[in-house]
Structure formats: structure tokens, C-alpha cells
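Chemist: Since chain S is already given, all that's left is putting chain A on it; use the hints.
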Amino acid sequence: MEGIKLIKTDVCSPENTIASIAKKMQQKKIRRLFVTDKSGKLVGVITTVDIVNKIVVPQKDSKKTLVSQVMTKNVHSVNVDESLDECLKIMNKLKTFVCPIVKNEKLLGVVSYQNIIASVVIASRN
Amino acid sequence: MSLEEKVGGWIDRARQYISTKPEDMVAYLRDRKLKTYFQNLPEEERRERESLLTRYVGESVQKYDSDLHGTRKLISKSTMAAAVVNDIYSLISKAPFANFSAVSYVLFGAKTLFELPAMRRYLKKSHDWYGAALWALMKPVNYILPIIGPMIESGSFDRMVKRRVMYEAQNRFLEHIGAYSEKVKARKALKTPIRELLSPGFTSNEELPAYASA
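Chains as they are written, first to last, in numbering that gives the first Met the number 0: chain S, 0 to 125; chain A, 0 to 213.
So that you can see chain S by itself, here it is in the shape it has in the complex (with noise of 0.2 Å):
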């Protein structure tokens, strides 16, 4: 079986700016963070999409508004000891090609749409 290596994803506190996230996201070249609390467990997530919607275009102040007042919570991660089928349900119901893999709610990383096909496509051949 072909393993899979998760993506290693930059995380942010739900107590940052969103300024400071930004600038984050800019220099990493990202569109989405996930959001952890002190303890590592997964709160939320922020995209580019949500900056533009909650703050650029109701021309909010960055500086001052915080990831938790703009970040989506609750969301649809998948246990390490739950199959790539679970993931696959997920990034089919939500329309991602992403899905977060989490051990006792703690966020390990991130599995792709590619990651899974091509895991798939080397288990069936060999």
C-alpha cells in the first residue's frame, strides 16, 4: 500500500488579527488556515474568501477584528482512524479538495484529493 504524507498546515490562534493572519497568508502564498487553540485542537478554519466577504467588502478594520468573530466553525475533519473513504464523503458533501485529519480532536495535517487518487490508483495496481 502506498503511504500517504499529509500537508503540513500553518495554523493560527483564534485570538490573531486578521491583519496579521493576512500577511501570513500573502507571504506563504496560502488560501486557508486553520484554527487551533492552545491545545492544538482544531476550532475553525479562515479563507481568503471569508477576508474578502467579512472584512474587505464591508470594509471592516483588520487591525482590530480577530479570526474567532470571522472564522467558520465546526469543522468536518476526519479521524486517523477512520478510512480515506470518510474523507472522500466530506470533500464530496462540502465540494473541497481538502480534508483535515485530526488524532483526539488535534490537527496532524491535511489529506488531498490528489494524495487519496493517487494512493488508490498505486494500491490497485500493485
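Think of the hints as simulated: they come from the structure by calculation, not from any bench.
Here a beta-carbon is modelled for each residue, glycine too, at the ideal position from N, C-alpha and C.
Check the hints yourself; a few may be wrong.
Said to hold, decoys possible - Here are the simulated distance ranges between beta carbons: (1) A/Leu51 <-> S/Arg124: 24 to 32 Å; (2) A/Ser180 <-> S/Gln58: 32 to 40 Å; (3) S/Thr46 <-> A/Asn39: 53 to 61 Å; (4) S/Glu104 <-> A/Lys32: 44 to 52 Å; (5) A/Leu90 <-> S/Asn125: 19 to 27 Å; (6) A/Lys182 <-> S/Thr95: 21 to 29 Å; (7) S/Val120 <-> A/Tyr129: 19 to 27 Å.
To be verified - Calculated lysine-lysine pairs in the DSS-like style (CA-CA distance at most 27 Å, straight line): (8) A/Lys187 <-> S/Lys94; (9) S/Lys105 <-> A/Lys190; (10) A/Lys184 <-> S/Lys4; (11) S/Lys88 <-> A/Lys5; (12) S/Lys92 <-> S/Lys4; (13) A/Lys190 <-> S/Lys4; (14) S/Lys88 <-> S/Lys72.
Modeler: Only chain A this time, still in chain S's reference frame:
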């Protein structure tokens, strides 16, 4: 190969395909579907594989045994025999065709009605929705075809169960000898816990442009 041998081969294949006898199912799987797994083997191993296949077919037949026999089969055979007679008589008599098609309709209806409980039991056990859909879709076609239609329809349920029996036996056989089909391997990969698939370390997509990052 002489013409006689060729024709004999075709007849054998057709008999194996149509027959619902376990020994014919084993022969069909061994000589056709799983041919490559019986070639170039020592005699002992070949016999071992054959007995394994026989056991799997036998167990699957046992599983669907209640669906293959009973009143359903009797009704099925008798109604379709009546439908064949009805079709032949309609061709040689001068009576209006509508009368015969109405009789056929009743016969097909009765057959289907008696098959429904068996179909329900069968679906519960097998989840063979494809086979069931094919069984239902072929009914109008068999109803329209004169003479040959009722003949085909007569064993349609049995053939559906037989296909399932062979499918299950084939999969178990392949699984036992470690030769999974690509489809089965892919399905297994998808059902494996992520924990077992994880490689150490991470990949990063920092070098990708924002529109391509995960």
C-alpha cells in the same frame, strides 16, 4: 480443430452459461473467467484450486438455495411454458392477436407476482441491485418477443442468482489466492484506516501559487 469440435465447444460453453448446476458453474469459472489461475500449475495444486472453487460455489449456492427453489420456480416454469404455447398458437390460428397478447400479459404478470417475495429475500441477502434492475428491464423485452421471449424469461431469475453465485465465488477465490481485481484493491485501500497509510513526515505546498495550494 475440426468443425465438429468447434461446435461441441460452443455447445459446452452455452450449456455452462445457461445451466444453474453448481458443477457447470465451477466449470464455467475454471475454464473461462479464472482460466489463467488454472494454467501451468502442477496437477496437485490445480486440483486444490478446483476443490476450493467448488467449495465457494457450493457455499454461495447454499446461501441462495431458498430463492432458487419452491413455488416460484414451479409457477415460473409453468406460466412461461403456457406463454410459449400461447405464442405458437397465436401464430398458427386466425384468432385476433390482441387475445393472445392479453393472455401473455396475465402469464407474465403472474410470474412476476410470484417472483417478488423471492426477489425481496434475494436483495436483502445479496444487495445485487444491478442484477435486479436487469431482471426487471428485460421483462418488457421478453414479453414483446414471441416464443423465444417466454423461454428466456423462464429462467431469468435463476440466471440472475447464478451470476451472483459465480461473482461471489470468483471474488472469494481471487481473495484466497491473493489475486484481487483492481476494483477490489481500490476498495480495500479506501477502507483502510488512515493511521495505517500515513508515511512519516509531511509534504508542503509552499512553493505552489495560492490558486493551487491545498
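Chemist: Could you work out which earlier hints the structure fails to respect and list their numbers in ascending sequence?
Modeler: Checked against the structure, the hints that fail are numbers 2, 5, 11, while the rest are satisfied.
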